[in-house]
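Undergrad: Sequence:
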Amino acid sequence: MENIATNWEWLANFGFAAVVAIYALTRLEKTIKEMTRQLSLNTIVLARATGQDLDQLRKNFLNGNNLL
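For the sequence shown, numbering that gives the first Met the number 0 assigns the number 0 to the initial residue and increments by one for each residue that follows.
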């Protein structure tokens, strides 16, 4: 009987926080991806509006990483 109580105690201590974290991450994942996409679009618009070369900006600031 003591083993069952220990299992419930572990779940109460760590399970709730884990469930909340997993729930929050899965719910926010779509929002984070959309915000990342919007930030990239805003960067492109700003670069074009100011006459900057987007490929040159990528090389200078992102080390060739195609994040934009």
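Note that these hints are calculated values from the structure, not bench results.
Among the clues, some could well be false.
Said to hold, decoys possible - Distance ranges between label pairs, derived from CB positions: (1) Thr42 <-> Trp7: 28 to 34 Å; (2) Ile21 <-> Asn41: 28 to 34 Å; (3) Gln55 <-> Trp9: 53 to 59 Å; (4) Leu56 <-> Phe13: 31 to 37 Å; (5) Leu53 <-> Asn12: 48 to 54 Å.
Just so it is clear, CB atoms sit at the ideal spot from N, CA and C, and this is done for glycine as well.
Undergrad: Decide, hint by hint, whether the structure agrees.
TA: Taking the hints in turn, this is what the structure says about them:
1. Thr42 <-> Trp7: 28 to 34 Å: This hint is violated: roughly 50 Å between Cβ atoms.
2. Ile21 <-> Asn41: 28 to 34 Å: With Cβ atoms ~30 Å apart, the hint holds.
3. Gln55 <-> Trp9: 53 to 59 Å: holds, 55 Å
4. Leu56 <-> Phe13: 31 to 37 Å: violated, 45 Å
5. Leu53 <-> Asn12: 48 to 54 Å: Given range 48 to 54 Å: holds, Cβ gap about 50 Å.
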